[in-house]
Each structure stands twice: as C-alpha cells, then as structure tokens.
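**Student:** Listed below, chain by chain, are the residues.
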Amino acid sequence: VDSLFHYSNLARLRSSHMNFTPLGDSAVTITLASSIDESSHRVVRAALRRIEAAALPGIVDLVPAFTSIAVHYDPVQIDGELRTGDEPASPYGHLVARLEEVLHELSDEPLPAARTVEIPVCYGGDLGPDLDDVARQHHLTADEVVAVHASGDYLVYMIGFMPGFAYLGGLDSRIATPRRQSPRTAVPAGTVGIGGSQTGVYPLVSPGGWNLIGRTPLAIFDAARQKPTLLDAGDRVRFRPISVDEFRDWRS
Amino acid sequence: VSIRIVGGGLQTTIQDLGRPTHQHEGIPAGGAMDRVAHRVANVLVGNDEAAAALEAALIGPTMLFDEQTLIALAGADLDATVDGMRVARWTPTVVPAGATLRFGRAVTGCRASIAVAGGIEAPLVFGSRGTYLRAAFGGVDGRALRPGDVLDARAPSRLSESIAASLRGGGVRPAHGAWSAGAALRPAYSNDVIVRLIEGAHTAELTGASRDALTERRFRVSPSSDRMGYRLEGEALALRAPREMFSEAVAFGTVQLPPGGAPIVLMADRQTTGGYPRIGEVASVDLPLVAQLKPGDHLRFRMISLAEAQQLFLELERDLAQARLAIALRFPAGRH
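These protein sequences, in sequence, are chains Y and U.
Here the first sequence stands for residues 5 to 256, where the numbers follow the working numbering.
Here the second sequence stands for residues 119 to 454, where the numbers follow the working numbering.
Treat the hints as calculated values from the structure; they're not laboratory data.
A portion of the hints provided could be inaccurate.
What the hints assert, rightly or not - With the C-beta cut set under 7 Å, the calculated list includes, among others, these residues of chain Y facing chain U:
id : residue
1  : L27
2  : F70
3  : G164
These figures come from a predicted structure and were not determined experimentally.
C-beta atoms are modelled at their ideal positions from N, C-alpha and C, and glycine is treated no differently.
Hey, can you work out the whole structure from these sequences and the hints?
**Tutor:** Dropping the structure here:
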C-alpha cells in the first residue's frame with residue numbers, strides 16, 4: 005500500500021490506447037487507461053467482462069487493477085491450441101492476438117449495477133487509537149472526522165496487497181492524512197485506517213503505517229468462508245458508525 | 119502411512135503447486151518455491167505432480183515413518199540420511215517401517231522437496247494444500263511443522279505401489295531405485311548462478327549505467343530474503359526519471375525496483391499486486407535456480423527474449439511429460 009502512489013510529472017499515456025506488455029513468460033498486462041478515476045475503472049470492468057465471457061482456453065486468472073488487467077496464462081495450453089491452427093506464433097503472440105479480437109472496439113459499455121456493501125465501524129477509542137490525532141491535524145473534532153468518513157461513497161478499484169484487501173477510492177480530501185512516522189508492527193484485522201488519500205480496512209493482522217480510526221466487527225477476509233473476501237473490485241462501500249456495545253454484540 | 123515429526127527443522131512446510139486462480143482475490147499463488155524439484159519428486163514416487171509434499175529450508179526436519187514408505191527427495195542437498203544411511207536425491211527410495219529420515223547441513227541449495235507416495239494429506243484451502251505462513255492458512259494450521267505433528271499420506275496410486283515393489287523394500291535398509299531423473303530435470307543449482315531475465319515493463323526506463331549493471335554486475339542475496347521475495351544487494355539501480363506507478367499485478371519472478379535501488383525478485387508467496395517499477399521478469403525455467411539460493415549467495419542476470427523463454431518453458435514441460443510417460447511405461451499399473 006505504501007507504494008501505491010508515486011506521483012511525478014511524467015506525461016500520461018493516451019487513454020484511448022490499449023497496450024500489451026509481457027509480465028514474464030506466463031502472464032501479460034493489458035493497460036487500458038492512464039489515470040486512477042471512475043472512467044478508467046469502467047473501462048477495466050468492461051474489458052474484464054469481455055475476456056471472461058470469451059472463456060479463452062489456457063487462462064489461469066484475471067487480475068484487474070486501477071488501469072490494467074493482468075492475464076495469467078499457461079503457455080503449454082496455449083501452445084496446444086496453436087498446433088491445431090495454422091499461424092506460427094509464440095504462446096504470447098497467439099494469446100495477445102486472441103485478446104485483441106476479444107477487446108476490439110472496447111468502449112464505455114453498460115455494466116451491471118454495482119453492489120453496495122455496508123461496513124459497520126466502531127470509530128475511535130481503543131479500536132481507533134489515531135482518530136483524535138487525525139482530527140487535530142485537520143482542526144476538526146473526532147465526531148466531524150467520523151461524519152466525513154462515514155458519509156463517503158467509496159468504490160473498490162481493485163483487490164491486492166494482501167488477501168481480500170480493497171483499494172478504495174473516494175476519501176474526502178478534508179480527512180486525507182499522511183502515514184504515521186513509525187509504522188505499527190501489528191494492526192488488528194478489521195482495523196479501518198487512513199493513509200494519505202487512501203482509506204481501507206486491514207483484512208488480516210499485519211504491520212501498517214496508516215492512521216487507525218476504527219474497527220469493523222465484520223471479517224473482511226475469512227479463509228474458512230465459502231466466499232472468503234467481503235469485497236470485490238467494482239463494489240461500492242459505505243461505512244456506518246456503530247457503538248462499542250454494538251461492536252461487542254456483533255462479535256459474540 | 120503416518121509420519122511423526124520429531125524435529126521441525128528451520129522451516130518445513132507442506133506445499134503443492136499453490137492457488138494461482140485466486141490472485142484476483144488478493145490471495146498469493148504460493149506453492150513450492152522450486153516447482154521443478156517438487157514436480158520431479160512427485161513423479162518419482164508415482165504421484166500427480168501437484169500432490170502435496172514437504173518443502174524443507176536449509177535445516178531439514180526429522181521424520182519417523184510408521185510403515186514402509188516410498189519417498190523421493192529433490193532440490194537442495196540437505197544431507198539426508200535414513201537410520202544413518204545416505205539417501206540419494208532424484209531417485210525413489212523405500213524407507214523401512216520404523217525408520218527415521220534426518221537431515222544434516224545444507225550441502226548445495228536451500229530447499230529440499232520431500233515427496234511421499236500418495237502425497238501428504240492436508241485440507242484444501244482455495245484449492246491448495248500449500249501453507250501460506252503470513253495469513254496462516256493451508257498445510258498444518260497455516261504454520262511450519264513442529265515436533266509432535268503427525269502427517270498422513272493419502273492412498274498411494276497403483277503406479278506408486280508398482281514403483282515401491284520394484285525397489286524390493288521390506289528390509290531394514292533404505293532401498294534406492296537403480297534409475298533417477300535425467301539431467302534435463304535437474305536444475306543446475308549453484309551458489310553463483312546466471313539467471314535469464316525477460317525485459318520487464320520498465321526495463322527501458324533504467325539509466326544507461328543501471329541497465330548495464332543489471333546484466334553485468336553480480337548481486338548478493340540479502341539475509342532478509344524469504345518465500346515472498348529475494349532482496350538483492352549490489353550496485354543500486356535507478357530509473358532515468360521517477361515515474362507515476364499504480365499498483366498492478368505481479369508474477370513469480372517479477373524483479374521490482376523499490377526507491378532504494380535494491381531489486382527484489384518476487385517469489386512463491388509474493389503479494390498479488392505491487393506498486394514498484396518492474397525492471398525484469400525471471401524466465402520460469404530459471405526460477406528453481408533462484409529458489410535454491412541462500413542468503414549470501416550470488417546471481418547475475420542475462421537478458422533473453424520472451425520467445426526464447428517460452429521455448430525453454432515448453433521444452434522443460436516436454437521433458438517432464440516424457441519422464442511421466444517413461445515411468446508409467448516402466449511400471450505398468452498393477453504389474454509388479
């Protein structure tokens with residue numbers, strides 16, 4: 005997460021351009037946009053739907069990100085495909101040709117309605133030890149920080165970094181807060197934090213440098229659950245403040 | 119067959135070929151670090167290549183077998199013995215009932231694959247029995263083995279039974295096969311290796327000096343290397359200009375360049391996405407060479423084309439397929 009944004013003044017790619025870059029000998033990155041925003045996200049979603057629908061053989065997994073999709077593939081299976089056709093090509097060349105066909109004239113296509121997931125959060129106190137600090141930095145009260153955070157409409161741009169971790173867009177700039185000087189060694193699972201212009205929920209206990217403002221009783225990631233991740237790319241997220249008692253009841 | 123762990127070793131985990139289809143959920147692909155050793159060890163005992171086996175790092179475990187068991191070791195030479203007698207790698211071995219498999223010092227390489235006929239039993243988590251230590255799932259409660267653990271082997275295949283029968287086990291000495299995996303299936307491990315690298319998304323953005331250093335300088339494996347990634351020490355590398363980076367997917371063998379300039383080779387337990395420039399991608403066929411490096415060992419990179427890397431990939435797969443076929447022909451199921 006700490007490496008999410010490295011802003012520089014490098015010129016942005018033309019957004020209309022679709023780019024294929026090998027990610028080693030068993031994956032390819034398809035770059036579809038050049039900035040992190042909802043329109044980039046819609047193009048990524050649309051491309052993902054097209055590729056999924058095409059059900060090309062040899063694809064192991066599709067990993068969407070802010071501006072790209074990685075296609076992990078099995079070169080042996082793609083090579084097997086090749087022998088039945090005529091064109092001489094490497095597995096990479098063959099797959100990219102197929103993907104180009106599938107993504108031909110990709111545009112801002114209608115997408116199914118986004119799911120909205122409500123995440124109850126107990127803000128402040130022991131569960132959100134940095135809430136007061138965040139408030140002080142912005143000359144707000146703790147309640148105001150909570151109100152701003154809980155009124156946001158967030159979008160899950162991508163899942164990555166750790167199992168079930170959702171990169172959320174939509175944090176109000178009034179409460180964007182730089183990461184802490186010294187990261188904590190163990191942030192409990194379910195902790196809600198703010199790091200720079202990002203907000204998110206730690207799915208697992210992990211080291212972390214974000215400002216911890218609360219905790220949800222929901223399991224963001226549970227390996228034993230039928231669907232282990234609470235959030236998927238494309239979901240909308242809203243945070244709802246709950247009391248400490250509600251938090252405890254939820255857990256029991 | 120049940121196997122009692124008497125000593126856990128430094129870090130012995132149950133591994134298979136991982137869970138590569140769950141990366142979109144942020145779940146690391148995981149699995150064996152040296153996939154060739156893992157697959158060959160399984161083939162040697164008549165298992166499916168993806169069966170779960172043990173991966174032992176540097177200091178191997180001590181394991182007591184309650185029954186006569188067909189096993190195979192591949193990958194690192196960690197000085198394995200059964201009741202004091204040396205156990206060869208890359209060949210099937212019948213371990214007598216009541217015998218103990220022990221390991222000594224790391225002679226070559228870093229990680230030994232220990233396959234057992236039938237494969238090691240463990241619950242499937244996201245389609246894999248592999249241990250993911252960081253999130254503590256897979257294998258035995260998501261952790262490395264420790265004394266007192268008892269592992270069960272799954273039912274051996276008929277091929278496994280044929281191979282075991284051919285070794286005329288049943289005595290008190292371990293019995294080796296008179297045959298072993300061919301040279302094509304044994305990666306050329308060394309503590310100073312040349313690793314073939316495919317151009318990465320941002321290789322062209324390295325400074326001229328860094329681009330030269332990437333392929334001309336030796337890098338040393340840092341002590342903070344693990345199943346997640348290998349940190350390399352050596353000449354610091356830099357891009358010509360800082361670039362705007364968005365987190366996106368990475369792969370097994372992606373070479374990332376964090377701001378400090380010390381590259382990291384992402385390994386089996388890598389995160390699914392990363393936000394650093396990608397200055398190279400290790401050819402899959404050379405990943406076992408990296409997986410067997412210990413802290414303090416060295417590597418150099420040599421650039422190859424993607425087409426060449428894919429050719430090598432397909433050749434290795436053909437060799438593995440041939441080995442499977444040869445064993446199946448040599449031991450027709452059910453005939454002893």
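**Student:** If a hint holds in the structure, say so; if it doesn't, say that too.
**Tutor:** Results for each hint:
1. The beta carbon of L27 (chain Y) is positioned within 7 Å of a beta carbon in chain U (closest approach about 5 Å), and the interface hint is therefore held.
2. For F70 (chain Y), the interface hint holds, the least distance from its beta-carbon to any beta-carbon of chain U being 4 Å, beneath 7 Å.
3. With a least beta-carbon distance of about 3 Å to chain U, the hint placing G164 (chain Y) at the interface is held under the 7 Å criterion.
When held up to the earlier numbered hints, the structure conflicts with none and fits them all.
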